[in-house]
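Knowing the structure of chain A, use the given hints to seat chain B on it.
Now for the letters of each chain:
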Amino acid sequence: MNSHKPDAVTLRAAIESFAFHGDSRPALQGVDIVAAPGTLTAVLGGSGSGKSTLGRLLGGWLAGGRDGTLKGRLQLEPGGQQEAWQPLVFAGADTDPQIDPAAWAEQVGYVPQDPAAMLSAVRATVEEELAFGLENRGTERAEMVRIVAEAARRTGLAGLLERDPATLSGGELRRLAVGCAIVADPAVLVLDEPLASLDVDGTRTVTELVTAELARGTAVVLLSQSTDALARSAEHWLVLDGGAATAAGPPDRLLAGEELASSGVVVSEPSGPHPVQAQPRPCPAPGDVPALKLEGVSFGFDTKNPGRPLLLENVDLDVWPGEIVAVTGPNGAGKSTLLRLFNGLLKPLRGEVRIGGEAIAGVPTGIIARRLGLLFQHPHDQLFERTVLREVLFGLDRVFGDEAPGRAADALAAVGLGAAGSAHPHELSGSGQRLLALATVLAREPEVLALDEPTVALDAHGLKRLSATMTAAAGRGAAVVLVTHDLAFARAHAHRLVELRDGVLAGR
Amino acid sequence: MAPRLNPLTTLTAAAAVLVITTAASSWAVSLTVAGGAALLAGVTGTARRVLLAAGVILAPFWLSLLLMHGLFFPEGRTVLASWGPARITAEGLGFAVDMGLRTSAFVLVLLLFSFSVRVPELVAALAVLRLPPQFGYVLASTLMLAPIIAARLEKVRQAQESRGLVVGKGIGNRLGAARLQMVPLVLGLVHDAGIRAQALDARGFRRTGPRTTYTQVRDSRAQRGFRILAVLLAVAAVAVRIAASLPGGGQA
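The listed protein sequences derive, respectively, from chains A and B.
Just so it is clear: in the first sequence, position 296 is 296 by this note's numbering, and no numbers are missing.
Just so it is clear: in the second sequence, position 92 is 92 by this note's numbering, and no numbers are missing.
Take these hints with a grain of salt, some might be off.
Restricting the straight-line Cα-Cα distance to at most 25 Å, the calculated cross-link-like pairs of lysine-lysine (BS3-like) are [unchecked claim]: (1) B:Lys155 - B:Lys169; (2) A:Lys464 - B:Lys155; (3) A:Lys347 - B:Lys169; (4) A:Lys293 - A:Lys347.
Because the hints were derived from the structure by calculation, they are not lab data.
Chain A extracted, bound-state conformation:
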């Protein structure tokens, strides 16, 4: 990331087909894309459309031969007076060219959908992680310090340089992954769902970064399942469905067509996403006892450091049976931490958490789990079994006995994974993994549902499933607490919005 413009490069990809080893059906088929300097191209598609596979191929993370059978061609075309590079032609044969991922990444920076996948895992601070790629390129230290500071400024991480990457929130981690890609100053930038989990400030930061990169002549490819404001600023859209390109052209033309809706892309208004609209429902009347009650709850991680303020300070919250409450707030405010206090994974320093009127202090999380279901922010952290069905069945027999298999099948059917029982959870798309994690929570029919960023990675079909299951759970009397940055979804579904900021929870 130098002050001068990167050398203009056009990325041309013509993927005839790409199939992972062992798969009979290609993951991608007949996909052509051209990313020209200074242009934004949005690849739109729903769950399992092949977007991330395309992104990893373009970024050199997937290689023909090593990871699957690739037929087609990839070409980096330098602009100006530079000598042209030969296109890489793949025929699915042993003699196909081999891409050097490091050399490729100097031209094409790729940010994966799961930002944690970008990290080296051997660097203890954000600034060291940002510098990792520069160290490997032999960049002089003074130059590295300048580039790291600049990347941190542009990704809004300047205040977090000393932090351990493992302690970052989801949104902060995504900005770090973007930072790791831009330090190499690539001529082409491929971003897979770069706005997922970001708060308003984070969204603005990344959007400004993309705008600045375009102005510098970088070719940007955006992979998204939503026609959000960033996607709408693209000159060209490519719609993927089932691994194939079903439409391509300017946004205005595609917005008027049918392909977007059928592909599962979330079609949102320019001002922000407006996914599935729920029918406005009256707020349930408070009963005798709240389903979930927080009374004066305070919490902090580094309590030995007297200078560090508490993450949560004197938080009060009542959620009644049948009520849906959305918790919003900036990245790193402690929203995920708040949910982990509900089921005892974290213990409050002060105050009390009550479920159905009973204090949970001293009760093991495994017992609380019968009454409160927690959907983790990252499905990867929640899924641990070998098959989708085993995942939902885990621990279910202790609640429902012989009825457990039936309950598991119902929960999977409710999220649209009824036919995927024997698949490995890691084989599912990002949307599928989140819906599976949701099924593991729904199957237990808890009194309280605590959902951490449930809309992230969901396509339009997935959002419909989430909307229906969440509304049904509230309808049977479950209290739902939903942490989200998707204000439109929150407004459409929640009876009440509360904001967590600077340790304080306030109604809005």
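Relative to the frame of chain A, chain B by itself:
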């Protein structure tokens, strides 16, 4: 072990202490080194982690030593008690205690080093010595393996507890929970490693050209002097030990 020290200084100190302990071959020296390491762990705030990990490693080791050498030591002459072929001898117990203390000193010193060193600084310091970066990464990932496994295990445990797994306090309960966690742990680590390999490749980790380091490691003339002195002391200890074991060189 203070963060101001160059990791090469602490590494050299740890290695020299271990060489001298081995050369001295004395239970008193081993005990002093082990005690000193435990004390330093207390001073640096790593006592809990160091002692816990040392306990896990050393408890079965001590048990096997006492069983093997305490009960079955062929050279044992002073019999303290006997049951058939098994006999407790003073020489056997002495050997077991000597070996146990020496191993305890090794384990405590190495654990103290690995828990107190800042791994990126160690990698940076090794890079200054022009060691291959892959060596640095392997060393770093080895030293960080325990925290990575612990973090992954914690995630699996949280996921399972959130779905009704109750981990009781008894050893049977804990073993049962551990059995449930092992397969997800290993599969999760393998999956993470596969993804990480792609990221490392793209971020130029396998490049063969020159590299630089971002982390600046403090060093000083005093520390360089200390490292030379530590190496000389270790060499001297080995030399004295060899000289003492030569015929006519005194008691081995």
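Outcome of the hint check:
1. B:Lys155 - B:Lys169: holds (19 Å)
2. A:Lys464 - B:Lys155: Distance ~29 Å between A:Lys464 and B:Lys155 Cα, so the pair is violated.
3. A:Lys347 - B:Lys169: The hint holds at about 18 Å.
4. A:Lys293 - A:Lys347: Status holds; Cα separation ~15 Å.
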